[in-house]
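**Q** The residues making up each chain are set out below.
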Amino acid sequence: MRKYIYIYKSELMSTFQYVINILFRLINFILFIFIFMNLWNYIYDNPNELINGYSKTQMIWYVIITEIIWGAIEGRKYCRKIVDDVRGGNIAYMINKPYSYIGYAVSGHLGETTIRIIISMVVGFTMGIIFLKSFPALTAPAVIIVFISGILAVLINLLLITFIGLISFIIEDSNPIFWLYSKMILVLGVLFPIEYFPGILAKIMRYSPIYVTCYGPAKLFVDFSYMSSAEILLSQIIYLGIAWGMCYLIYKKGVKKLNVTGG
Amino acid sequence: MSVISVKHLTKTFKIKEKKKGFSGSISAIFKPIYKEVKAVNDISFEVEEGEIIAFIGPNGAGKSTTIKMLTGILYPDSGEINVLGINPTRERKKLAYEIGTVFGQKEQLWMHLTAYDNFKFFGAIYDITEKETEKRIEELSKLFDLEKFINIPVRNLSLGQRIRCEIVASLIHKPKILFLDEPTIGLDPVVKESIRKLIKKMNKEYRTTIFLTSHDISDIEKLCKRVVIINDGKIVMDDSMSNLKYHYMDKKVIEVKLNTKVNFSNTKGINILKEKENRLRIEIDTKQTDLTTVLKLINPENIMDINISNIPLEEIIAQIYRKG
Amino acid sequence: MLQGVKNQLNVTIKTIKYGLMREMINKTSFIMNVIFMILNNASFIIQWIVIYSLKEDVGGYTFNQILLLWAIAASTYGFSHFIFKKAYSLSDLITNGKLDSFLVQPKNVLLACITTDIEVSALGDLLYGYIVLIISGITVSKFILFTFFSITGAIIITDIAVLLGSLSFWIGRSDMIADTGNNLMINFSTYPDGIFKGAARILLLTVIPVGLTAYFPVWIMTKFNFKLTFVIIVITVILTLVTFVIFYRGLRRYSSSNLMISKI
Numbered sequence: 001m002r003k004y005i006y007i008y009k010s011e012l013m014s015t016f017q018y019v020i021n022i023l024f025r026l027i028n029f030i031l032f033i034f035i036f037m038n039l040w041n042y043i044y045d046n047p048n049e050l051i052n053g054y055s056k057t058q059m060i061w062y063v064i065i066t067e068i069i070w071g072a073i074e075g076r077k078y079c080r081k082i083v084d085d086v087r088g089g090n091i092a093y094m095i096n097k098p099y100s101y102i103g104y105a106v107s108g109h110l111g112e113t114t115i116r117i118i119i120s121m122v123v124g125f126t127m128g129i130i131f132l133k134s135f136p137a138l139t140a141p142a143v144i145i146v147f148i149s150g151i152l153a154v155l156i157n158l159l160l161i162t163f164i165g166l167i168s169f170i171i172e173d174s175n176p177i178f179w180l181y182s183k184m185i186l187v188l189g190v191l192f193p194i195e196y197f198p199g200i201l202a203k204i205m206r207y208s209p210i211y212v213t214c215y216g217p218a219k220l221f222v223d224f225s226y227m228s229s230a231e232i233l234l235s236q237i238i239y240l241g242i243a244w245g246m247c248y249l250i251y252k253k254g255v256k257k258l259n260v261t262g263g
Numbered sequence: 264m265s266v267i268s269v270k271h272l273t274k275t276f277k278i279k280e281k282k283k284g285f286s287g288s289i290s291a292i293f294k295p296i297y298k299e300v301k302a303v304n305d306i307s308f309e310v311e312e313g314e315i316i317a318f319i320g321p322n323g324a325g326k327s328t329t330i331k332m333l334t335g336i337l338y339p340d341s342g343e344i345n346v347l348g349i350n351p352t353r354e355r356k357k358l359a360y361e362i363g364t365v366f367g368q369k370e371q372l373w374m375h376l377t378a379y380d381n382f383k384f385f386g387a388i389y390d391i392t393e394k395e396t397e398k399r400i401e402e403l404s405k406l407f408d409l410e411k412f413i414n415i416p417v418r419n420l421s422l423g424q425r426i427r428c429e430i431v432a433s434l435i436h437k438p439k440i441l442f443l444d445e446p447t448i449g450l451d452p453v454v455k456e457s458i459r460k461l462i463k464k465m466n467k468e469y470r471t472t473i474f475l476t477s478h479d480i481s482d483i484e485k486l487c488k489r490v491v492i493i494n495d496g497k498i499v500m501d502d503s504m505s506n507l508k509y510h511y512m513d514k515k516v517i518e519v520k521l522n523t524k525v526n527f528s529n530t531k532g533i534n535i536l537k538e539k540e541n542r543l544r545i546e547i548d549t550k551q552t553d554l555t556t557v558l559k560l561i562n563p564e565n566i567m568d569i570n571i572s573n574i575p576l577e578e579i580i581a582q583i584y585r586k587g
Numbered sequence: 588m589l590q591g592v593k594n595q596l597n598v599t600i601k602t603i604k605y606g607l608m609r610e611m612i613n614k615t616s617f618i619m620n621v622i623f624m625i626l627n628n629a630s631f632i633i634q635w636i637v638i639y640s641l642k643e644d645v646g647g648y649t650f651n652q653i654l655l656l657w658a659i660a661a662s663t664y665g666f667s668h669f670i671f672k673k674a675y676s677l678s679d680l681i682t683n684g685k686l687d688s689f690l691v692q693p694k695n696v697l698l699a700c701i702t703t704d705i706e707v708s709a710l711g712d713l714l715y716g717y718i719v720l721i722i723s724g725i726t727v728s729k730f731i732l733f734t735f736f737s738i739t740g741a742i743i744i745t746d747i748a749v750l751l752g753s754l755s756f757w758i759g760r761s762d763m764i765a766d767t768g769n770n771l772m773i774n775f776s777t778y779p780d781g782i783f784k785g786a787a788r789i790l791l792l793t794v795i796p797v798g799l800t801a802y803f804p805v806w807i808m809t810k811f812n813f814k815l816t817f818v819i820i821v822i823t824v825i826l827t828l829v830t831f832v833i834f835y836r837g838l839r840r841y842s843s844s845n846l847m848i849s850k851i
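Chains as they are written, first to last, in my numbering: chain A, 1 to 263; chain B, 264 to 587; chain C, 588 to 851.
So that you can see chain A by itself, here it is in the shape it has in the complex (with noise of 0.2 Å):
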């Protein structure tokens, strides 16, 4: 562990030089929310209305918190690095470190969006304390339960994301599969809550990683309970073991095809 606790932070450090870069990037973000405001200001025709059940202040902030988590994660990036690492044979010089893959790069990116996710916690919740005029009322277990659901769904999109660049042993190049990926999450989790949907695709995202990456720590942010928290942070630790598994498995698989071909 101590290993990895090392490469987050030489990591961190390193951002430390683009601090200036990482405010900028935050624009796009805090744009991402102006824009969201903006819209459902538009089509909230009164501040009580419920639509889906969700109040206007309660969808706005929805959107604040699925943003926080997918948008400072850089998952684009991310996945180019894993896929470049695969297909420019970085990946075979790691084999016989004493470290494995996935945690050298779930650990490194982390490291390297730590800060953005701070920054982005502090700008969204400024925000949304600004512009709303409101907080959902949480006490101090909900505040620690919301944010270990967050880091679990922040924790879930990475090892997907590995999974997905992983997929490069395979195919030759796997960041388009990235794109529709992330395109999911963000019309189907990011922008909209599950309830959103009609029955039977809202019944399929409950099983899907909308769930537990977007919708989760969201709707537990916006509307908490202790039944639906239980049941948030099961499935989002199961969801953990999966997506590690299927990490795993393809990375055994692809270096075994390495060998054979020699890189």
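Calculated from the structure, these hints are not laboratory results.
Please note that the accuracy of each hint is not assured.
[Claimed, not checked] Heads up, simulated DSBU-like pairs for lysine-lysine below, C-alpha to C-alpha not over 30 Å straight-line:
1. C:K729 - C:K642
2. B:K298 - C:K685
3. C:K604 - B:K383
4. C:K685 - C:K672
5. B:K460 - B:K508
6. C:K694 - B:K394
7. B:K357 - C:K729
8. B:K270 - C:K642
Keep in mind that this is a model prediction, so the values were computed, not measured.
Let chain A serve as the given structure and place chains B and C on it in line with the hints.
**A** The following block gives chains B and C in isolation, referenced to the frame of chain A:
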């Protein structure tokens, strides 16, 4: 007639420095510290038409910076440059038609196209008509033996063939001067040799002036009549190859295997480089002590094996660096 | 002069052609890139179906007009990224000294360096634009206007990418700033201007020229407006001239600067 004339050329770079550790990372954001490096420091030289001139020096000596200034990529901080009567700083585009460039580390060819298509592309870049380009390609491919592989995509060529194509591509527009920046870097000896042949041939056929940078001494030894040595941005020597050799020829190195010990302590001009049991390596300054004296001292009867040689050029140049 | 322009055009077209040929060597990944990008864009239709299920008009746009907005945004983006891919990584070219090889050629440096590579997936965006145009109901005049505005739009966003990238001549690495600026335009150009109010809306229609690349074309295609068309043309020309001037200013700095971290 001199085709390149450089007077008091100077170029300084600023390099960002970062302090160690976490606080260093942070302070670098707000208050970057710069270190000034004089990449080229007041150099002057001339190059005659048809000459092959070598610019040699260790990494970071200022070779590439000089070549970049001569081709108009970089502007000097001060000093004058005149290439074929053109000021590269002011008339880069005009100069571009007259010169050719090959940067060893950078490929300018399209890998997926054949050499032939690449040459045609370069023809278009230099505004040469299709017909003329074709004629030129035919001539060059005959001269440099490209016919066998001219219609194969460049990525399928061997490294040596590829570099040959790189050089030919830079000759499509009949440049008067060819700038070669480390043309043999990273190549194996056989390929190096073929490149050198090519360079020599084109110099002979077209009287193309060749300006070459390298840190490979053998390039220079085999190609150039004149050598400019640059170190730390300064010219430490500008002389003909033969002169360079001559001046350092008065030193010889003797390696002998003996069956007794010899005492040289009373003889001037002898420098013991290595001594191990019965093996001996000495350097002799023949101005002070001639070879015969030394050989007598050793006494031929004791010699089991002997080897007398000149100091290798590499060592000569290393000595010059140290002095500079 | 005329011959010079012709030669320049010849080289530029050849460069783009060869770039395309290079990408087409691996046919599977070429086709996959294009198709996946089309699917990728198509996913946004879901977003708007959901939104329009809540309300009939959003920001003064009907569903059909939103499709048109998406179509023009996609093909503008596609055009620009397909042909001028490197305009979007200009900062990298500048800070890593990669302009050198273009500087020794007697051709336009800006055109040479931004056309040196093409983005395959952008072809998907371009095609997607036309597919959506067909879905939203195509006519000859709409087709012509659409193509015309895709080109002016592509020129405008390329200009802006070059201007933002050129910042690197003065301040060093600016890729993040450039990315942010470029994203900003894309993001806004896919939402109806009517949902924005006050200063934001004015900014969008003026300083951030999303109006020129997305909103105006949709308005014009809905109801032809000569004045607005003229404005788009004039601004495109002026912006392009300014871009060339600024880039060449920067280039002089590139050559004379002593801040380049390039290897000596």
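**Q** Taking the hints in turn, state whether each one holds.
**A** How the hints compare with the structure:
With a C-alpha separation of about 27 Å, the suggested pair K729 of chain C and K642 of chain C falls inside the 30 Å cut-off, and the hint holds. Between K298 of chain B and K685 of chain C, the direct Cα distance comes to roughly 23 Å. Compliance with the 30 Å bound is thereby established for this hinted pair. With a C-alpha separation of about 14 Å, the suggested pair K604 of chain C and K383 of chain B falls inside the 30 Å cut-off, and the hint holds. For the given pair, K685 of chain C sits about 15 Å from K672 of chain C by alpha-carbon distance, which is consistent with the 30 Å threshold.
This hinted pair checks out: K460 of chain B and K508 of chain B have alpha carbons roughly 22 Å apart, not beyond 30 Å. Proximity of K694 of chain C to K394 of chain B is assessed by CA-CA distance (about 20 Å); at most 30 Å being required, the pair is judged to hold. Restraint check: the Cα-Cα separation between K357 of chain B and K729 of chain C comes to about 46 Å, which exceeds 30 Å; the hinted pair is violated. Restraint check for K270 of chain B and K642 of chain C: not satisfied, since their Cα atoms lie roughly 75 Å apart, outside the 30 Å limit.
When held up to the earlier numbered hints, the structure conflicts with 7, 8 and fits the remainder.
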